[in-house]
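Visitor: Chain residues, written in single-letter form:
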Amino acid sequence: MKKILLTLALTFLLSLFTSVVFAQDPTPSDDEVNAVASQLYCPVCESTPLDVCPTEACRQWRDLIRQQLADGMTEDQIKQYFVDNYGARVLAEPPKQGSYWLFYILPPVIILAGAIILFRSLKAWTKPIAAPASSGAERSEPSKDEYVSKFEEELKKRK
Amino acid sequence: MTETTNPKRGVPIWVQIAIWLFIAALLALVGVTLSKRQQGTVQPGDTIPNFTLPLFSGYEYEGQNEVKLSAFEGKLVVLNFWASWCKPCEQEAAELEEAWEYYEPNGDVVFLGVDYVDTEPEARAYLKKFGITFFNGPDMGTKISQIFRVRGVPETYFIDQSGTLYYVKVGPFVSVDEIKSIIDQKLP
Amino acid sequence: MFAEFGYGILVVAFLVALYSVVAAIYGATNKSASLVESARRAMLLTFPLISIAAASLIYLLVNDHYEVSFVYEVTSRSMPTYLKITAWWGGQAGSLVFWSFLLSAFASAVTLRKWERDIEFLPWVIVVCSVTLIFFLGLVIFYENPFTRFWLVGGNVEPHMFAPLNATLFTAQDGQGLNPLLRHPGMVIHPPMLYLGFVSYVIPYAFAMAALITGRTDDRWIRLTRRWSLWAWLFLSFGLVLGGRWAYDVLGWGGYWGWDPVEIAAFMPWLTGTAFLHSVMIQEKRGLLKHWNMILVILTYSLVIFGTFLTRSGVLSSVHAFANSPIGPLFMGFVSLSLIVSIALVIWRWPDLQSETEMKSMLSREALFLLNNLLFMSILVVCFWGVIFPLASELFTGQKITVGPPFYERATAPLFSALLFLMAVAPLSAWGHSTVQTLGRAMWKSAVAASIVTVILFFTYTSKIGALIGFFLVTLILFVTFQEFWRGARARQKVQGENFFTALSRLMGRNRRRYGGYIIHISMALMAIGILGIEIFQTSTQGLLAQGEELEIAGYTVKYRELASWDDAGKGVNFTRATVDIYENGIYLGELNPRIDYYFDSQQNMTIPGNRSTFRDDLYILLVDWQPVSNMGATFKIYVNPLVNWLWIGSLLFLVGIIFAAWPDHDPAEEPVRNVRRVGQSSAAD
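Chains as they are written, first to last, in this note's numbering: chain A, 1 to 159; chain B, 1 to 188; chain C, 1 to 686.
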């Protein structure tokens, strides 16, 4: 009984959801098309998103997206269709799967490594504060005094 | 940023090795890519690996809706890349169909049309407009065009009976005779 | 006549440059002052020679000599004279001549300075400049010759430099004309600015190499090239900004920066150059980071050549890339050679490049500068990886992939934010030593003020968290920097008894680099406002309108009034221009004219937006499509880009800042800097 109720509830929810999708204008607006097209790249021209690409071929692809939206396909399904047909290069970035994990992992790893190296060298450098003799002038804090003393110094020099 | 306070210390040997390895790998990567870019399409004399071309609905090969290149061993294959958005392709469409109809009865030459990054409704309209009857299908995921490293459309590849490429035509054909003369080179 | 002459002169320049390299190396190794002097004169001679060759090329371009293939490719009779001149750098061959021309100009300028104190650098600076020059001239002479002419050989037209047997010269009726995208004023100046920036980085690199080769590894080379690297940075930055402005005005996609691989190729040397600009200050003031500065200048030079290579060789897939050309492998060889030689030199001299002092505090200005360097390097890693990974992917998996804006934006946004934060903190920290307390005391007022502004923005403008963080950082920078100006001027006022404005202007005049830097920081904050605006708040809509119909977006109403289309035979262009009326909340604001220009000679369309720009936002309208026959309606795409104007305002201020910092006053090499540290090590410094 519970199961049936659950299924009913689910179908109801689903129908709500799908009716939202299907109850759209029969021909999706340019904005709806562009919302999908902007996430896809033109398969024949280089690094141009589909929504701004002016060629005839791109116009056809936008019409295709419009048709697919009218047929009730979701954004993800349309993207998948484009990947199947024209290859992964139509996506704005590599799919987050398979061997492409390397693509997303490496930059943060390198940056982290750089940060660690920097931090460790900084620590190594700051430890031996063995030569404080010359630091008289440098220890001054960034307050007005530094400026005053600096300008007094400059004034003397200018004479 | 690996500065050190120890006086007169050189770069550790493993760091040197790592640096040179990195540079070598980088240069190799860019170099190989460059040479691939410069190489152009596959060249006559190259053996063409097998591939599968799914067919548009309305086309069938032995009851299947896809064809494999390997199925045509012993036959001469004319592989034409085209797209519905490609104007020059239209110039040669009728000629290709005419040549196909000329060779079809003998059965020793096969024409394959590969539709390069295109939308299906427009492609079908194109095929219908020019009444094209030889096998045609989309280049799914641009796999086939990558095998041939096509530079654009139209391009036509002639593969002999042993599966070896023997002629590449870049750009549209001007006449049926041009197509026939290339095919007849390899026909007994 | 002019073609042979120009080519001949280029060959002579090539030989002269070759001679200068040989003479400089021989003179340096055999301690022959006269040979080095001879090499210097040879180097000086290349500039007038290449200028003459360039003048012949311009003569051919301006006078419609369509028998010359380069002239045929980049000009047409309908182009105005100034465009025919700028077509010089509109094509591969010409732009390589342009590169050579700039390089010889800069190298000559450098060799003209007084060398008494640094004479041991001279031969090696000449070698590095000349080798680079030889490479570019070699490309021009052997592979991409702009003086090649068309010859009629047995019924075929073929390009050759010299007349083949039985050939007659062939002159085309008209040229193909410059790519219309390159006819925009922004594009006329954008490439030369980038080239200027690229080429001027050769000079600091040459000095760095000279320092490594001679073993004179103190900071002399940095002092000598300080101004060069500032000017190089100015040109490169200006070139990048102009490129962005050009994209915004001409490319018609509502933005200014698309993270296209070629844009990134120009951006990468800017990143290392900016890091270099900051880290040299640490070496000057504190004698630290000698290795790192060497690495940065080598990276910058390599990225300049590498970037030029990437854009020219067709390795990258990009709208900007020149078609496949034979110079790819040669560039590849040159990049490899310079990289390997420079790194080998650094490793060889590594033990001599030790620091003179130590760090004292994790919060000292030098430590914060290092953090700044880390951030710039991180952005570089992201960019480099995004450009290189598709190559690796294609090679190993056979699958072509795109790395587009979403990746770069996600990866660099936190890094840029951290840079903004540093920009607010670093000016308050002291060289040598700072603590959390001193920093906190210097900063709290600005932090409170910035928080108040952010809270006000939260209630009145936006509740987006990313935008609020951004606005907080921007206002923090502005408050901190203005406070610095105020404090400095007040201190001087107190000491000198001048009035506030005299004090301020004298203060700035006597610390050009410091206050120029602060102006640049302010401009960066303004630019950040523009970038936040367009990245976070951009909205757009598109629709097909019949005459009299309207589209609404973000409070604006756009009403399509009419469309006109006509040919301008003189310019060789067909214009299709729409007129739309703009209303905001019912109030009429005026009309805009988005249009599409069709160029007959190159058969290309250009989509020119109609743009209404205010401090608050830009209303950016594109004519996407129209029904030519019935004149029924037209499709418009409309963007509202909030705050983007601040990007351009910031850019202008940025220029002011760099020019202020870099303007020559007196010989920078004579300035007494690092006054405290000098005492103990005068023997090493001079």
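Honestly, the hints are just simulated from the structure, not real lab data.
Wrong hints could be hidden among the right ones.
[As the list claims (entries may be wrong)] Dumping the calculated DMTMM-like pairs for lysine to aspartate or glutamate here, alpha-carbon to alpha-carbon at most 20 Å: (1) A:K96 x C:D567; (2) C:K464 x C:E550; (3) B:K87 x C:D218; (4) B:K143 x B:E62; (5) B:K143 x C:E394; (6) B:K143 x A:E46; (7) B:K186 x B:E98; (8) B:K36 x A:E46; (9) C:K571 x C:D174; (10) C:K400 x A:E46.
Visitor: Mind listing which of the numbered hints don't hold for this structure, in increasing order?
Guide: 1, 2, 3, 4
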